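Asks: Chain by chain, the residues run as shown.
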Amino acid sequence: MRQTGKWLGLGYYLLLLLFLQLPILLLIVFSFNDSVLLVFPLRGFTLQWYRELLQATELINAAKNSLLIGLVSSVVATVLGGAAAIAIARYNFPGREFFLNIATLPLVIPYVVLAVALLILFQALKIELSLWTIMIGHTIINMPYVMLIVAARLSGFANNLEEAAMDLGATYWGTLMRVTLPISMPALVAAFLSSFTMSFDEFSLAFFLAGTQNTLPVYLYSQLRFPSRLPLAVTTAAVVIMVSVVILLFSEWLRRIGTSKPPKV
Amino acid sequence: MGRSPTLLPAQDTPVENKRRLFALITPPSVFLLFFFMVPLVIMALYTMKESSFGPLFPLSFEAFRSFFSNPAYFVLLLSSSQLALFTALLSILLAYPVSYYLVFYTGSRRVILLTLLILPAWISYLLRVLAWKVILGSEGLLNQLLISAGLIENGAPILLFSQAAVLITLVYVWIPFAALPIFAAMERIDPRLHEAAADLGASPGVTFWRVTFPLTMPGVASAFFFVFIPTLGEWVTPNLVGGVSGIMYGNLIQDQFGRALNWPLGALMSMVLLVLVGVFSYVFNRFIPITEVPVSS
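Going down the list, the sequences are from chains A and B. Quick note on numbering: the working numbering labels position 123 of the first sequence as 123, and the sequence is numbered without any gaps. Here the working numbering = 1-based position in the second sequence + 1000.
Residues from chain A that face chain B, not an exhaustive set, calculated with beta carbons under 10 Å:
id	residue
1	Leu16
2	Ile86
3	Phe93
4	Ile102
5	Val108
6	Leu224
Worth flagging that the hints you see were computed from the coordinates, not collected in a lab. What you are looking at is a predicted structure, and each value in this text was computed from that prediction instead of being measured. Idealized CB from N, CA, C, for every residue including glycine.
Between the sequences and the hints, there should be enough to build the whole structure, so can you do that?
Replies: In structure tokens:
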């Protein structure tokens, strides 16, 4: 009985794995295919699309913009979300519930609604759309994640480490820098990385809030309308996929180092 | 910083405490106020504007009139809710057995097997949808396969540009996110409960329905929540693989800020969606709190 269950389970696991991975692998395979049409049978191996990729200045610009937006918005989100996390994890204050409710609202608001609301705000204030407007949008959606990740970490540690530091004469801000922040560091790094990934991939907000400068997803989306440019879009996708897998493996490796147990004496 | 520590114990007066809290909480609050609360309020005001770029006054209820007099909008809102419901249920249905297998059958390898399974979740959402456009497209792989198998006539694509295509793509996108909370809930189950049930004479089926399943309900519920809500506001997937018959309510909103250029109506449609999501989250949160953070002092 249990043995049958095991084989059935394994079969189902492999099927689902195939379902989830095959579409991604297809994109990678087609990025090396010597044809404008994305159809089988494959026409032979080529690096033509990759060569064209290097010459597509618009695309490279878009990638740079995405990188910049990702960096700035995740730094800001980590600082603001981290401060909020310390406040809600270490203080009981009137309005704490209210603050928590508002601050986590961006988790459930549909992105299209947030995008439209920000678009209206910038129009009403006559602020021209630019990379900055996208950064603001991405900061808003990343802040609650940072706050929850860091607060969860902090509430895992009792307050007495900080109290001990202050009893020993450290100032409050000194304690914050030398005790609270180091405690939260793994959570802060994790929150920063996930914010960056989120921002780099985000399409909806970027689509509505982009001015003349595109982000990578917005640029890709604009290319999907032209069938002749589909191979280039697929090749970009393949590059992004391979780079993300490398980054993922790298951060997983870092995480293992960070959480590995000290050798036993 | 910079100050050398004094030898006196830190003074922790209520006033100082308040100042510190104020310094911590003000920057995030101000940011949220300006770029989250204020935009929503302005959007609410925009629903009463006469034209997209005109002045606010005199107030006009044209957007309300056209929204509530057109049943097509409600039909679309309803069908989008239905699609979001199906997406959430199907993702859970597909993710549940695999989580069960991983947690109860694969021992210490389960984390690596799970990571392998949900790897695609780390890949850009847009790219995953693009992959399905390549598969389901009218020139796509599935149609070719069916044509060469003689199952359909050439040029009669059956899947792309339909609700089914949107559903398949969305389920594909969301399975990893449904699997995570279910997996986590199952991992928390004490295996001794299963032994106890078996010792007391329960069959595996009874053990599952009376012990395992109820204990995984919180995971199933949060999986439902995190799939249903974003799918409800979805517009990108329908745009890429849905075609005319596959459009969702989110496309309607996008259209008001694009081609149709009717910002007041678009603002109203957004408000309606926001209220719907708000009511749903509120009701849901009463049963399963997702944002509780304990104070540790």
